[in-house]
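J.: Given chain A's structure and the hints, the job is docking chain B onto it.
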Amino acid sequence: MWFLNPGFYIKTLEEGIAFALLALGVYLTFRILDFADLTVEGSFPLGAAVVAKLIVAGYNPFLATIIAFIAGAIAGMITGIINTKLKIAGLLAGILTMTSLYSINLRIMGRSLIPLFRERKIFDAFEWLFGSNYVVLLTLILIVLIIKILLDYFLHTELGMALRATGDNPVMIETLGVNTDLIKILGLALANGLVALSGALMAQYYSSANAQMGMGMIVVGLASVIIGEVFVRTSKIPFATFGVILGSVIYRFAIAISLRLGFDATDLKIVTAALVILALGAPSLRKFMIQDEFAERLLEEGEYNA
Amino acid sequence: MLKMESVHKVFNYGKVNENHALNGIDLELKDGDFVTIIGSNGAGKSTVLNLVAGTYLPDYGKITINGIDVSNWPSHKRAPFVGRVFQDPLMGTAAEMTIEENLSLAYKRGQKRGLKLGISKNRRDEFRELLSWLDLGLEDRLDDQVKLLSGGQRQALTLLMATLGKPEILLLDEHTAALDPKTAEQIIELTRRIVEKNRLTVLMVTHNMKLALEMGNRTIMMDKGKIILDLQGKEREEMTINDLVRKFSEKSGQELTDDRVLLAKD
Chain A
1 MWFLNPGFYI KTLEEGIAFA LLALGVYLTF RILDFADLTV EGSFPLGAAV VAKLIVAGYN
61 PFLATIIAFI AGAIAGMITG IINTKLKIAG LLAGILTMTS LYSINLRIMG RSLIPLFRER
121 KIFDAFEWLF GSNYVVLLTL ILIVLIIKIL LDYFLHTELG MALRATGDNP VMIETLGVNT
181 DLIKILGLAL ANGLVALSGA LMAQYYSSAN AQMGMGMIVV GLASVIIGEV FVRTSKIPFA
241 TFGVILGSVI YRFAIAISLR LGFDATDLKI VTAALVILAL GAPSLRKFMI QDEFAERLLE
301 EGEYNA
Chain B
1 MLKMESVHKV FNYGKVNENH ALNGIDLELK DGDFVTIIGS NGAGKSTVLN LVAGTYLPDY
61 GKITINGIDV SNWPSHKRAP FVGRVFQDPL MGTAAEMTIE ENLSLAYKRG QKRGLKLGIS
121 KNRRDEFREL LSWLDLGLED RLDDQVKLLS GGQRQALTLL MATLGKPEIL LLDEHTAALD
181 PKTAEQIIEL TRRIVEKNRL TVLMVTHNMK LALEMGNRTI MMDKGKIILD LQGKEREEMT
241 INDLVRKFSE KSGQELTDDR VLLAKD
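Chains as they are written, first to last, in my numbering: chain A, 1 to 306; chain B, 1 to 266.
Everything labelled a hint here was simulated from the structure, so no lab data went into it.
Keep in mind that a hint or two might mislead.
What the hints assert, rightly or not - In silico BS3-like links for lysine-lysine, alpha-carbon gap of 30 Å or less:
#1 121(B) to 148(A)
#2 121(B) to 85(A)
#3 147(B) to 148(A)
#4 77(B) to 87(A)
#5 112(B) to 236(A)
#6 87(A) to 112(B)
#7 121(B) to 236(A)
#8 85(A) to 15(B)
#9 236(A) to 116(B)
#10 287(A) to 147(B)
Here chain A stands alone, though its shape is the one from the complex (with noise of 0.2 Å):
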């Protein structure tokens, strides 16, 4: 049975991880800065393409991810620059970055797919370190913790701090003499470097990188955010960044045993799709439910009192 074979936690935790960092680029621009950018359905893939063509080239893999997160926070900074200086709504300077990186990861490719299984991954590197039994799922954890380590001191900076309240309330911290466009910039390189990281990571763990790998994306990292809130509930940023981790390691649970249970693969997008709509409208629904309850109760005490 596969529920009782140890490799099917493995191989789901190490993906669950390797997500992990696009969820907390989704969370520093959805939850963080409140804006909900989907650059990151672009970004993601260019970072898989950036690290599939430097490998392919010969580049040691551990610079090639570096070069993979530069490349995505130089997307996330196009669309910070387009929605602030040229005042496009943030959804929309979103699709648009998106958009040209569809265009922008087929010519780094220069085909739609690049197999990665006869190279040098970023994993290799670690042999020395963590053996060759656990190497990808120990270098996979060490990644996201050191920047999950980064993030939580960057946002706690003087720096990182302004961003916050940048989310939070930007007229406010703009009379403190804060000037938010560039720091929504910043939030958005950010962001996207580690969604691109995060891509970067998924292409050499797959041994493939492909232009399409990029669907889907940005209601995977929201689906990994909001179930992450479901089981950690708290402001405070090391827990709420832990709770990210979580969530994605959590979802990629669910949809493996979704597949395991005879689920279509085809079919899980409309299923993520769903539990977010369901999170993010259950105070709406919820609101709903509690108007139908009171009017019930004052039905029934009208009974009573009559």
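T.: Leaving out everything else, chain B in the frame of chain A:
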């Protein structure tokens, strides 16, 4: 210290709903002036504050602070000089962040923000002292999120934040209008204390005629984007609310129709 020279502001320029919000404002404030601004709705009172703060830039005219031409400086660039409290208590603080984080944000007013930790242990005592000075029991709640505070507490915190980091001009935009009468009174009292303590130059918009005459040393009345009355010194001291209402009709050729002004007469 603050000078506005024939400042104009037009909204929706060239469209059917074009609105000449400020129609040549000339205003000079000396160091330590406390000016109250009154006028009916749409007179341009808040627009004056927005132009001083840099929320809007003038379409014509010049604004100088301490002799520096800031006419085209955006809001964040003017922050070192200007602190601001809004009517809505939710506008002046970051709700999801703690009291200490909010104060730390204000502490760095107009300074470069880098990768140093935003909260410093050394400042904690200073913040605690400032908060206990407010006398609202906030000094023990540094780690509470601001969204847990009441409207009055948030407005008091905003006042404190608006005066942290040594701005010279304080803009008060009907900052007690959204509070219940008792809390409003407390905030007014706090305003007096904080202005005196920091020796600030103040522009305060209010609908309350009584306050307008009681607070500060100068009152200006606005109508249709112009200053129609500028009271100071003896003339102001002898002015009653009824005189003020009559002056308004004389100067603007219409009755003072703002319900809130009439209600706030006594």
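J.: To test your reading of the hints: which numbers does this structure violate?
T.: 2
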